[in-house]
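Number of protein chains: 4
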Amino acid sequence: MSKIAFVGLGNMGGPMAANLVKGGHEVHVFDLSEAALKHAVDAGAVSSPSATVAVEGANVLITMLPAGIHVESVLVSRDALLDKIGKDCLVIDSSTIDADSARNLSKAAADRGIEFLDAPVSGGTAGAAAGTLAFMVGGSDSAFAKALPILECMGKNIFHAGGAGAGQVAKACNNMLLAIHMAGTVEALNMGINNGLDPKVLSEIMLKSSGRNWSLEVYNPVPGVQEGVPASRNYEGGFMTDLMCKDLGLAMDASQASRSPVPMGSAARGLFNLHQAQGNGPLDFSSLLKLYQQR
Amino acid sequence: MSKIAFVGLGNMGGPMAANLVKGGHEVHVFDLSEAALKHAVDAGAVSSPSATVAVEGANVLITMLPAGIHVESVLVSRDALLDKIGKDCLVIDSSTIDADSARNLSKAAADRGIEFLDAPVSGGTAGAAAGTLAFMVGGSDSAFAKALPILECMGKNIFHAGGAGAGQVAKACNNMLLAIHMAGTVEALNMGINNGLDPKVLSEIMLKSSGRNWSLEVYNPVPGVQEGVPASRNYEGGFMTDLMCKDLGLAMDASQASRSPVPMGSAARGLFNLHQAQGNGPLDFSSLLKLYQQR
Amino acid sequence: MSKIAFVGLGNMGGPMAANLVKGGHEVHVFDLSEAALKHAVDAGAVSSPSATVAVEGANVLITMLPAGIHVESVLVSRDALLDKIGKDCLVIDSSTIDADSARNLSKAAADRGIEFLDAPVSGGTAGAAAGTLAFMVGGSDSAFAKALPILECMGKNIFHAGGAGAGQVAKACNNMLLAIHMAGTVEALNMGINNGLDPKVLSEIMLKSSGRNWSLEVYNPVPGVQEGVPASRNYEGGFMTDLMCKDLGLAMDASQASRSPVPMGSAARGLFNLHQAQGNGPLDFSSLLKLYQQR
Amino acid sequence: MSKIAFVGLGNMGGPMAANLVKGGHEVHVFDLSEAALKHAVDAGAVSSPSATVAVEGANVLITMLPAGIHVESVLVSRDALLDKIGKDCLVIDSSTIDADSARNLSKAAADRGIEFLDAPVSGGTAGAAAGTLAFMVGGSDSAFAKALPILECMGKNIFHAGGAGAGQVAKACNNMLLAIHMAGTVEALNMGINNGLDPKVLSEIMLKSSGRNWSLEVYNPVPGVQEGVPASRNYEGGFMTDLMCKDLGLAMDASQASRSPVPMGSAARGLFNLHQAQGNGPLDFSSLLKLYQQR
Chain A
0 MSKIAFVGLG NMGGPMAANL VKGGHEVHVF DLSEAALKHA VDAGAVSSPS ATVAVEGANV
60 LITMLPAGIH VESVLVSRDA LLDKIGKDCL VIDSSTIDAD SARNLSKAAA DRGIEFLDAP
120 VSGGTAGAAA GTLAFMVGGS DSAFAKALPI LECMGKNIFH AGGAGAGQVA KACNNMLLAI
180 HMAGTVEALN MGINNGLDPK VLSEIMLKSS GRNWSLEVYN PVPGVQEGVP ASRNYEGGFM
240 TDLMCKDLGL AMDASQASRS PVPMGSAARG LFNLHQAQGN GPLDFSSLLK LYQQR
Chain B
0 MSKIAFVGLG NMGGPMAANL VKGGHEVHVF DLSEAALKHA VDAGAVSSPS ATVAVEGANV
60 LITMLPAGIH VESVLVSRDA LLDKIGKDCL VIDSSTIDAD SARNLSKAAA DRGIEFLDAP
120 VSGGTAGAAA GTLAFMVGGS DSAFAKALPI LECMGKNIFH AGGAGAGQVA KACNNMLLAI
180 HMAGTVEALN MGINNGLDPK VLSEIMLKSS GRNWSLEVYN PVPGVQEGVP ASRNYEGGFM
240 TDLMCKDLGL AMDASQASRS PVPMGSAARG LFNLHQAQGN GPLDFSSLLK LYQQR
Chain C
0 MSKIAFVGLG NMGGPMAANL VKGGHEVHVF DLSEAALKHA VDAGAVSSPS ATVAVEGANV
60 LITMLPAGIH VESVLVSRDA LLDKIGKDCL VIDSSTIDAD SARNLSKAAA DRGIEFLDAP
120 VSGGTAGAAA GTLAFMVGGS DSAFAKALPI LECMGKNIFH AGGAGAGQVA KACNNMLLAI
180 HMAGTVEALN MGINNGLDPK VLSEIMLKSS GRNWSLEVYN PVPGVQEGVP ASRNYEGGFM
240 TDLMCKDLGL AMDASQASRS PVPMGSAARG LFNLHQAQGN GPLDFSSLLK LYQQR
Chain D
0 MSKIAFVGLG NMGGPMAANL VKGGHEVHVF DLSEAALKHA VDAGAVSSPS ATVAVEGANV
60 LITMLPAGIH VESVLVSRDA LLDKIGKDCL VIDSSTIDAD SARNLSKAAA DRGIEFLDAP
120 VSGGTAGAAA GTLAFMVGGS DSAFAKALPI LECMGKNIFH AGGAGAGQVA KACNNMLLAI
180 HMAGTVEALN MGINNGLDPK VLSEIMLKSS GRNWSLEVYN PVPGVQEGVP ASRNYEGGFM
240 TDLMCKDLGL AMDASQASRS PVPMGSAARG LFNLHQAQGN GPLDFSSLLK LYQQR
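Chains as they are written, first to last, in numbering that gives the first Met the number 0: chain A, 0 to 294; chain B, 0 to 294; chain C, 0 to 294; chain D, 0 to 294.
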């Protein structure tokens with residue numbers, strides 16, 4: 000059993016903290032929202048009046064925040080938790096932030112003799128609640144080994160992607176590729192429909208052929224083809240277009256920092272941004288199909 | 000057992016005709032190349048001095064030619080086989096041509112009371128030799144039912160995509176989607192490599208995550224990641240960039256004829272065309288990775 | 000003075016024929032539409048009951064038709080005018096068609112000892128009426144010299160682009176480039192607006208800087224920035240999105256036939272096709288701005 | 000005459016400082032490079048041992064640095080010049096940085112009662128030497144009025160783009176549009192060449208038609224078409240591909256921060272990044288033509 004400090008109890012962080020409690024850990028939580036704190040306490044966590052109090056005596060510090068500047072603020076500048084925790088306290092940042100920031104935070108921790116892991120997740124709020132998230136982790140082998148039993152309380156597929164920042168890079172690569180094949184699937188199915196093909200039949204053909212991809216398998220974007228997917232409930236729930244645009248922005252940052260050409264990722268980003276600009280940011284990202292059709 | 004006329008004995012047509020012979024059919028073949036004819040005869044086919052002679056008394060006519068103009072020439076204008084075969088002779092065109100031409104040929108056949116199927120294949124020369132091709136078939140239910148036992152001599156997955164032209168549309172959609180996720184996979188892996196990730200590890204992570212697609216599963220474009228793929232033999236063999244460019248051209252034709260936007264397919268086509276223009280047309284299409292890297 | 004046969008009296012052909020009459024020529028016209036014929040007769044042309052009658056004794060034959068198949072039908076197959084005119088009759092096709100078809104027609108004419116020019120125009124219906132069209136001409140020097148005084152009755156800028164087909168290629172290149180800088184101008188101005196800049200000020204800055212292009216100069220896509228442009232009259236009149244999509248299709252054909260990569264042209268085509276698919280085909284092409292904004 | 004502090008004497012900053020001296024101003028300069036300092040002193044500037052010394056008693060502070068973090072470091076964090084200058088000292092940042100950073104710096108200055116202008120330039124090292132740069136300026140009317148006589152010592156076209164950050168936005172929009180029409184011009188001319196057209200003739204035609212743009216006018220990318228351009232000297236000198244990639248990165252940042260879709264800018268960025276990745280970063284950006292052709 001570890002004493003875990005958990006900072007950031009949003010839609011993802013809340014259920015993640017609850018699963019740590021279920022896993023038998025002592026979880027001290029902090030968030031700016033009273034409601035979020037109360038929720039966590041109801042799930043068995045211990046409320047802290049500040050991030051600084053939450054980390055007192057902690058073996059593990061987990062952050063789950065919206066963007067790189069928030070993590071930097073909590074760990075280094077405003078709250079400066081890296082100066083308040085002990086050297087034996089493992090820091091796991093599960094926020095989705097840019098790889099450069101993750102590397103900088105890892106270095107700031109190393110300068111203080113502290114181990115740091117970037118460990119962004121995928122799987123959405125449903126995966127967070129069910130404890131079936133995927134974690135893509137960057138950092139040393141030893142830190143990864145220490146983190147593994149903790150992460151397994153919250154997730155199912157725990158990947159060690161490489162050194163510092165590699166978790167964020169892996170997530171950026173994966174989600175960029177997801178955006179690409181979703182957009183491609185949308186336009187292949189739309190072209191089939193426009194030519195009189197049944198999207199269900201065309202989907203089955205491509206699933207058994209070289210067009211196969213995750214979007215076709217479990218996230219068909221055409222309403223009525225698959226049950227239980229966002230397309231079959233007016234694109235509500237799921238993974239918001241706004242979030243995909245954020246992730247594609249992080250992929251562009253990674254491409255720029257590493258001088259990696261990403262023409263396909265850029266093309267996909269252009270489309271999701273057009274869709275967002277037309278007012279569809281809150282809809283699931285598979286609603287991109289609407290961009291291709293008359294309103 | 001049917002009497003089958005087979006016109007067009009190229010890299011694909013030759014082994015397909017041989018498999019029909021193995022299936023117990025009487026196969027009368029024609030090709031402009033003496034060598035190709037001899038090959039087919041060695042495999043048990045009957046050589047014909049012309050396409051017109053080949054179709055005498057045939058129950059089935061199969062064409063396997065490079066482009067729409069050749070099929071049109073054989074069936075309608077120069078050889079005019081549609082005017083020479085009986086009404087009970089089923090015509091199966093397995094060439095990969097544009098959907099509009101396929102629909103026109105179907106109509107020309109129907110005007111003469113003849114049943115016509117467009118039935119392009121995928122699976123390459125290896126699939127043609129092994130009899131494991133996939134067929135995407137457009138045409139009536141009755142014609143499809145008649146063709147099925149014939150096609151099963153040459154292939155494994157036989158899909159009925161819909162009415163006239165639907166086979167060509169399905170193939171265009173599938174191969175466009177293949178081009179998209181291959182290009183996306185290339186650039187995601189390249190960005191990972193540039194950020195210090197091991198492409199094998201990144202491939203495994205994305206395979207188990209939402210980036211999953213056929214290119215990652217069975218056709219990894221990075222040398223050394225998968226055995227037995229073109230990337231691991233200098234991109235030789237496989238599916239040539241030139242052929243992918245041809246198929247993307249057909250997809251553009253289909254998009255234009257049906258007013259279907261294909262921005263992702265167009266982006267992929269731009270990349271494969273650049274790769275081709277740089278002199279890589281004969282290499283397997285997964286060699287697109289070279290476009291992203293310093294020479 | 001020449002005796003000119005003019006086939007195809009649409010929105011462009013009608014006023015072009017009228018300008019030939021004004022230029023002092025004897026113009027024998029044919030069109031399937033009675034109304035179009037009547038219009039031309041009112042302008043001083045002589046009506047013919049068929050294309051065949053129109054070309055009797057003509058020194059020049061001008062065709063102005065929607066697509067390559069129509070020109071082929073009039074000149075070679077259905078009406079076969081190339082077999083009915085004399086060797087001294089110069090044929091000028093001002094239709095916008097694909098370069099390959101133009102080359103084929105030129106060859107068909109040459110086989111009969113007849114000179115042929117492909118001479119597509121730009122300038123729209125306003126330019127056709129005012130006699131200020133631009134002609135991009137492909138064919139021999141001698142044919143170009145003969146055609147020049149005729150073309151000058153209808154246009155202002157008469158360019159000799161090169162040999163057979165070069166007129167069509169030049170137009171495809173030009174209009175593809177137009178589509179590219181219009182789309183670029185749309186998104187640069189939109190990004191400026193979203194950042195609080197006045198599009199008039201930003202337009203003036205870019206006009207005097209390296210962003211300068213024809214769209215900014217005379218066809219600003221933002222309503223209210225320039226007077227007299229389609230953007231300032233609800234995108235009515237001007238050059239329809241549908242026509243730009245047609246021209247981009249011809250550019251794709253030219254790129255395919257010559258193995259020329261056109262990634263930027265493809266990206267522009269993707270956007271205009273999305274805009275068309277959303278129902279804006281009849282609006283001026285500068286209305287692409289709507290694709291970028293919330294409805 | 001003003002007392003001007005000038006920080007950053009690179010390829011651009013050096014000649015700009017020299018032109019201020021020529022304009023009769025007292026210019027106190029600082030740079031980390033001794034050689035750069037010596038050069039400026041030779042041109043009549045006064046060398047300072049630190050940025051802090053340079054601003055003593057200055058009426059104007061000009062910064063010309065590589066990126067936002069450097070400007071932030073000089074003005075706010077490390078050197079903290081904003082805390083050392085008087086309220087009557089106008090700050091002009093001529094660095095090309097992202098618009099958000101420019102807005103933050105403007106706010107930091109305003110918090111201290113200091114006026115700040117973002118004033119990035121275009122025109123390259125030749126324009127810097129000749130004093131013919133273009134300035135795109137963001138900030139208040141009063142600050143712009145004060146800056147005007149200073150800027151006119153260094154440049155010819157001085158544009159007031161709008162409020163804080165507007166100068167950076169205008170430059171990002173302009174250079175993105177430049178990248179777009181250059182890439183478009185490259186591929187239109189390449190397609191013409193592949194179809195047998197003379198690029199000189201095609202350039203002339205498009206210059207007089209709707210394809211016209213700055214790249215065609217003064218920066219033709221095909222060797223031998225125009226004299227005195229980088230294309231006619233092996234793409235040496237001019238505006239490096241690396242710098243265009245940097246500017247396109249800033250445009251992507253601006254698009255992301257303002258949720259502005261930039262599909263064409265993204266497509267252009269994809270191409271310039273591929274060209275850079277293939278090892279052409281140091282060549283003039285019009286060398287993009289090489290990406291389209293066999294090596």
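One thing to keep in mind: the hints can contain errors.
Simulated crosslink set (BS3-like; lysine-lysine; CA at most 25 Å straight-line) [stated by the list, open to error]:
1) B:K106 with A:K207
2) C:K207 with D:K245
3) B:K207 with A:K245
4) B:K207 with A:K145
5) D:K145 with C:K199
6) D:K207 with C:K207
These are calculated hints, taken from the structure and not from any lab test.
Status of the hints after comparison with the structure:
1. Distance hint between B:K106 and A:K207 is unfulfilled; the C-alpha atoms sit about 30 Å from each other, more than 25 Å.
2. Between C:K207 and D:K245 the alpha-carbon distance is near 22 Å, which keeps this suggested pair within the 25 Å criterion.
3. For the hint pairing B:K207 with A:K245, the CA-to-CA distance comes to about 22 Å; that is within 25 Å, so the pair holds.
4. For a cut-off of 25 Å, the pair hint linking B:K207 to A:K145 stands: about 23 Å separates their Cα positions.
5. The hinted pair formed by D:K145 and C:K199 meets the criterion: a straight-line CA distance of about 24 Å does not exceed 25 Å.
6. Restraint check for D:K207 and C:K207: satisfied, since their Cα atoms lie roughly 18 Å apart, inside the 25 Å limit.
Going through the hint list in order, the structure does not satisfy hint 1, though it satisfies all others.
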